[in-house]
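Chemist: For reference, the chains in residue letters:
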Amino acid sequence: MADLETFRSETRAWLEANCPAEMREPVRDEDDIYWGGRRATFKNDAQKAWFEACLAKGYTVPAWPKEYGGAGLSPEQAKVLREEMGRISARPPLSSFGIWMLGPALLHFGTEGQKQRFLNEIARGEIRWCQGYSEPGSGSDLVSLQTYGDDQGDHWIVNGQKVWTSYADQADWIFCLVRTDKTDKYKGITFMLYDMASEGVSTKPILLISGNSPFCETFFDNVKVPKSYGDDCPAYVGQVNRGWDVAKYLLGHEREMISGAGGGDRTAAIGAAMKRASARTGDDVDPVLRAELAMFDVDALAYTAMGEKFLDEIKVGKAHPAQPNMMKYVGTELNKRRHELMMAVGGSRSLEWDSEDTGGGKPARGWLRTKANSIEGGTSEVMLNVIAKRILDLPGA
Amino acid sequence: MPLYHNDDQAMLADTARGFIAEEGNIAKQLRHWRDRDCKDGFGHGLWKQMAEMGFTGMLVSEADGGLGMGHVEAGIVLEEIGRNLTPSPFLTSSVLAATALNHGSDDIKGRYLPGLIAGDHVFAVAIDETAKHRPSRIATRAEKSGNGFRLTGSKSFVIQGSSADMIVVAARTSGADDDADGITLFAVPKDASGMSHDAVRLVDTSMATHTKFDGVELDGDAVIGEIDGGRAVLDAMLLAGRVGAAAEGVGVASGAMDMTVDYLKQRKQFGKLIGEFQALQHRASHLYSEVEIARAVTIKAQQLLDAGSQQADLMASVAKAKVAKTARLAVQEGVQMHGGIGMTDEYDIGLYMKRDRALAEFLGDAYFHANRVAELSGY
Ligand SMILES: Cc1cc2nc3c(=O)[nH]c(=O)nc-3n(C[C@H](O)[C@H](O)[C@H](O)COP(=O)(O)OP(=O)(O)OC[C@H]3O[C@@H](n4cnc5c(N)ncnc54)[C@H](O)[C@@H]3O)c2cc1C
Chain W
0 MADLETFRSE TRAWLEANCP AEMREPVRDE DDIYWGGRRA TFKNDAQKAW FEACLAKGYT
60 VPAWPKEYGG AGLSPEQAKV LREEMGRISA RPPLSSFGIW MLGPALLHFG TEGQKQRFLN
120 EIARGEIRWC QGYSEPGSGS DLVSLQTYGD DQGDHWIVNG QKVWTSYADQ ADWIFCLVRT
180 DKTDKYKGIT FMLYDMASEG VSTKPILLIS GNSPFCETFF DNVKVPKSYG DDCPAYVGQV
240 NRGWDVAKYL LGHEREMISG AGGGDRTAAI GAAMKRASAR TGDDVDPVLR AELAMFDVDA
300 LAYTAMGEKF LDEIKVGKAH PAQPNMMKYV GTELNKRRHE LMMAVGGSRS LEWDSEDTGG
360 GKPARGWLRT KANSIEGGTS EVMLNVIAKR ILDLPGA
Chain E
0 MPLYHNDDQA MLADTARGFI AEEGNIAKQL RHWRDRDCKD GFGHGLWKQM AEMGFTGMLV
60 SEADGGLGMG HVEAGIVLEE IGRNLTPSPF LTSSVLAATA LNHGSDDIKG RYLPGLIAGD
120 HVFAVAIDET AKHRPSRIAT RAEKSGNGFR LTGSKSFVIQ GSSADMIVVA ARTSGADDDA
180 DGITLFAVPK DASGMSHDAV RLVDTSMATH TKFDGVELDG DAVIGEIDGG RAVLDAMLLA
240 GRVGAAAEGV GVASGAMDMT VDYLKQRKQF GKLIGEFQAL QHRASHLYSE VEIARAVTIK
300 AQQLLDAGSQ QADLMASVAK AKVAKTARLA VQEGVQMHGG IGMTDEYDIG LYMKRDRALA
360 EFLGDAYFHA NRVAELSGY
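Chains as they are written, first to last, in numbering that gives the first Met the number 0: chain W, 0 to 396; chain E, 0 to 378.
One or more of the hints may lead you astray.
To be verified - Covered, in the sense of this in silico footprint (three residues per stretch, anywhere, with C-beta under 8 Å from a C-beta of chain W), are these stretches of chain E:
| id | stretch |
| --- | --- |
| 1 | 0-7 |
| 2 | 255-266 |
| 3 | 271-277 |
| 4 | 317-331 |
It should be emphasised that the hints constitute simulated quantities derived from the structure, not laboratory data.
We put the CB at the ideal spot given by N, CA and C, even for glycine.
With the hints as constraints, model all of the structure from the sequences given.
Modeler: Below, the structure is given as structure tokens:
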């Protein structure tokens, strides 16, 4: 306990000294996020300084072991760091699918050689990963996926198509679910890792209702994937044909991440900020809207407590293994409601699509983006199915 | 502090769950006393048993003969009371009145705490004066008279007012009705002359009173805490009571949910268990999520309150509002998913609906507390 308090005061002092003022503003949109990767550029000096300070300290991935680029923080210390960063609204120094998804999978299923190589690359922001799961015919029913890897001895020849691959056009590598046995639905999928620069990989951005194109169709046309990248470094995670186990494990992480369980913008109350925002434009908040804001804040603050409880329970293995599905369901539905209310408070100004005043239509584009929250990573309906089956044990679910 | 029970609390939860399921269950208590038209609305025998378990004095310090526990522990007992719809003076006596008495002089503690801890006495609290909870407005007056006070006014929604051996009354000793200051709390004994009760049975079969004070003469030693400085004690009572009511509400919500989910696994229609219908599965899953969240925010509020945090007041209102919304959802979905049988008196689910209604109203409903969340947040 005393150690933790020392750690807290040290962390606070370190943040004070190292987190530039510009990095103490909530993330407003894509531009504010540093994703890393071969083609990455920093948006400004503050972003660079903050990233480098964290990198040196292992704080791009604070809870990972030191040998893989992390700071080796205990869960309690990681919570303190999160709280202290939250207190000053510090932005994450580095964001990536590597940190959120592939990393946890490798920590759990990876070989030492894979960890040494891939985790360090992720921690240093050198390689940007994308997630190749969904296909045109396989969304919620992911296990029906058809992209096929033909076994050629020391390599596979992969053919097929993925869709909704977030940032595929900017990613360096892909972790991809590929069918390697057509006779077994669940035990016929391999979790492969390969370079997006491989011959035969192509991507085509998809334009969304938000006007942005954060994701792509991804095509594999006779892509040669070697089975190994060297000593103790296979090109697949877990075992061949057992990639579904890895994918399932990861979906838990993805859902947890999308749920916003760690606190931050997605779970904060908004009423007070909305009142200030509307006062700035000389508007006021209708009493009925205020009432909805208050009801929202009750739900948001209660959900924040839930997030804290959930993380506390995960640490000691008390959380129900299917609980991330509940968190994802509630967290994303709340975030959609939050943006509906923000649009209502903003009035006609929040309708502007590309004005300078709105930073190029951030309110409207952000609002539209949230509609994907309850689709990506498993839809709300699928989350409810999983709760019914795995937690409530309802028949036939 | 992690947001789950520590080992001691988990042990207490096991004990409380077993004990209240056994002794405080719906057949043995709620239906038993209701069907006999009991005027108290609860059983004194169970109250005595709760004393033997140490529950009655949980929030009283060890120095004063209690267990010196906190609101997490009281909440553990309350959640089981909620789950079993157990009629009991626990919330009003052992949480609200005990909180007031903990702020009182040694003399007043000595007069009332032993009876509470022994389970011999029951206390009520008289705060509301109108049909909605408006504690900022206190019009009942206590005028100086000789060495004491003369109490005049009326209170409503005094739970178990006519069975109480003592009622903690919030009255005004100075200032105007809406002033924050000028409140004094009094311990008014059962037999005080000039106090009269109009007892009413509520929808959940509990008993409440409209209580009139017609020049009730009180000694100076009836004062709990400071004269004119009672607002702070009143606020402490309200805070403890709201967090306690939230815990009881979590029990009501999860009791109703569990009954309903069980029913979904038993009832067949169209050749299937009704729990196989996805329309019902999704509603049950949604309800489960809400109940989990209500429980989380309640333990958060309990811990903040026990830690003496400034945040406790806000979180108490968040918890009270969230639980009220959640328990409402649970009982509505519960009755609906039971179909016709849900409307029958024979089946317990309707009793949950009635209890939720009364409990949510007590110390402020979801609207009151959502509004309070907005005010405390600055809008
Ligand atoms: C912003 C965004 C980013 C994404 N990023 C990636 C990525 O990086 N990589 C990747 O692989 N995928 C990604 N996805 C894809 C995402 O995982 C899928 O969209 C999602 O799994 C749903 O699949 P679908 O779109 O085919 O919808 P469908 O499965 O066709 O669903 C259509 C509707 O039917 C409902 N439905 C389906 N099955 C059931 C059922 N059993 N019971 C009840 N209702 C049901 C759904 O809930 C939904 O409302 C992304 C999606 C979005 C929106």
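Chemist: Each hint should be assessed against the structure and marked as holding or not.
Modeler: Evaluated hints:
Evaluation of the coverage hint for the stretch 0-7 of chain E: fulfilled, as 3 residues show C-beta separations to chain W shorter than 8 Å, against a requirement of three. For the stretch 255-266 of chain E, the assignment as covered by chain W holds, since 3 residues bring a beta-carbon within under 8 Å of that chain's beta-carbons and 3 suffice. With 5 residues having a Cβ less than 8 Å from any Cβ of chain W, the stretch 271-277 of chain E passes the three-residue criterion, so the hint holds. As drawn, the stretch 317-331 of chain E meets chain W at 5 residues by the rule of a beta-carbon pair under 8 Å; at three or more, the given contact holds.
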